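S.K.: The lines below spell out each chain.
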Amino acid sequence: MLTVSHLSKQFNGQPVLRDISLTLAQGEVLAVLGRSGCGKTTLLKILAGIETADAGTLELHGQDLLPAPPNERQMVYLYQEPLLFPHLSVFENVAFGLRIRKVKEAEIKQQVTELLAELELSEHARKSPHQLSGGQRQRVSFGRALIIRPRLLLLDEPFGNLDAQTRAAMQELFGRVSRQHHITSIFVTHDSREALTVGSRLGYLERGSLTSFASVADFVADPRTNIAAELSFWENIRQTANPTSTPA
Amino acid sequence: MRSKLLTAFLILLFALPFALLGLLAVGEGWRFPAALPPAYSLEPLRGLVAGGNGLLAGLGKSLLLASAVAVLATVGGFVVARAVVGARRPGRWTALSYLPYALPPVLLAVLIQPFIIRMHLSGSVGGVLLGLLLLALPFATLLLGSFWSQQATEYEQLARTLGCTPGQALRRVLLPLAAPLLRTTLVQTFLLAWFDFGLTNVLSVGKVRTLTVQVFTYVGEANAPLAAVASLLLVLPPLLLLLANKSALLRKP
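For the protein sequence lines, the chains are A and B, in the order given.
Residue 51 is where the first sequence starts when you use the working numbering, and the numbers rise one by one after that.
Residue 13 is where the second sequence starts when you use the working numbering, and the numbers rise one by one after that.
Honestly, the hints are just simulated from the structure, not real lab data.
Keep in mind that this is a model prediction, so the values were computed, not measured.
Think of the CB as a built atom: it goes at the ideal place given N, C-alpha and C, for glycine as much as any other residue.
Careful: at least some of the hints might be erroneous.
[Unchecked claim] Some, not all, of what chain A presents toward chain B, calculated at C-beta under 10 Å:
id	residue
1	Lys95
2	Ile150
3	Trp284
[Stated by the list, open to error] Residues of chain B clear of chain A, computed beta-carbon distances all greater than 10 Å:
id	residue
4	Leu24
5	Ala47
6	Ala51
7	Leu57
8	Pro126
9	Leu155
10	Cys176
11	Pro188
12	Lys219
13	Leu255
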């Protein structure tokens, strides 16, 4: 269980996060919707340990995480860019976290081979990152994070640079693998559709303040998520294109 | 056809001084207007092997100085460039890095000479090394500054969340990522130190006779064969270095 209490952060006197509190149970995916500059990235970086908080507490399974350096938190931060290591092959990129942990060679081979198969990347194992497509790179990046069995996965608009079709495929893959491996994660996005697709819990971050929603209906009804307005827009389009039809 | 002619012309233009150096080194009694030397002798080359004229010692000193400058400037430049990027006002530090180039090296040497004397390093290899580092370190800092982009920081942060200590992130991620640029910096700072004459000549006060300083001495003495042999020695290591690092130096951005 992740518990964040009264987390605050300022940059040059400007508040970026204001009194953030949230809890997240094992296996839950909290999708946080927010516009650019709302503090999403700062929140994830504080959780990952690569940014410090001004105030507040952060606990995972009862352990105070704030004094722990990033390498001891077992929380992987995934950027919008896959950031694959260009000097390593696909196999070695995925094996990276295991090699750091000095896992035995035979075990590395077995774990990486299995994960690559699960991510449909087996045939690309020996390739260099530059030989992959955008979606394949993002899958490798996902596999590199998954292999160390992170206690919390932090995803900062990871599919933002992908085309619509690849993005949908990645969302489906993320959902499937998350359920299968029972991964706890916080997924920030500025796309309400993506938030609804991947999230088992939903939140909205605006000017550093987080609103958690008890249900999908509450999330949809909140005017800040813009979902009601979008539904109305598509309804108008549908009626303009086909005036005789009536809503189902 | 035109491009082939141009290539041949450029190769000829590049190779001609080396051919001339070779002829000067082994030619005897070569006077104007003769197109080629009337006789050839390996005496100057034998002299080189005999070591009486100090050419080999000069070569050794040049190699030692240039290698030390290259390694220290590259390592230091990598660290300083990162500090500059992370500073509150990076622009100010970058501007300061250009300061050593506002003066000709000889003038810089004259200005720092009093400090070198007070440190009891005048006329020593250490003094020349310090002077050359004043030129090479800012150069390496400016060259390596381009590596420390936002993306390098993101790579480092990602490595930390994947379980790397700061040292592991440096060894396993940052250094391999920076390797091509580090190689380029090593070569460039080596060449900068290798070919320096003005600063080395002033700071060495005639005691640290690097190969470049010796070439100028022989030219001044009108000792053409020895100057040619020294020049051939002078161009050999950089040529080998450039050939060995061809791929790194000619890499596409």
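S.K.: Are there hints from earlier that the structure breaks, and if so, what are their numbers?
M.R.: 3, 10 and 11
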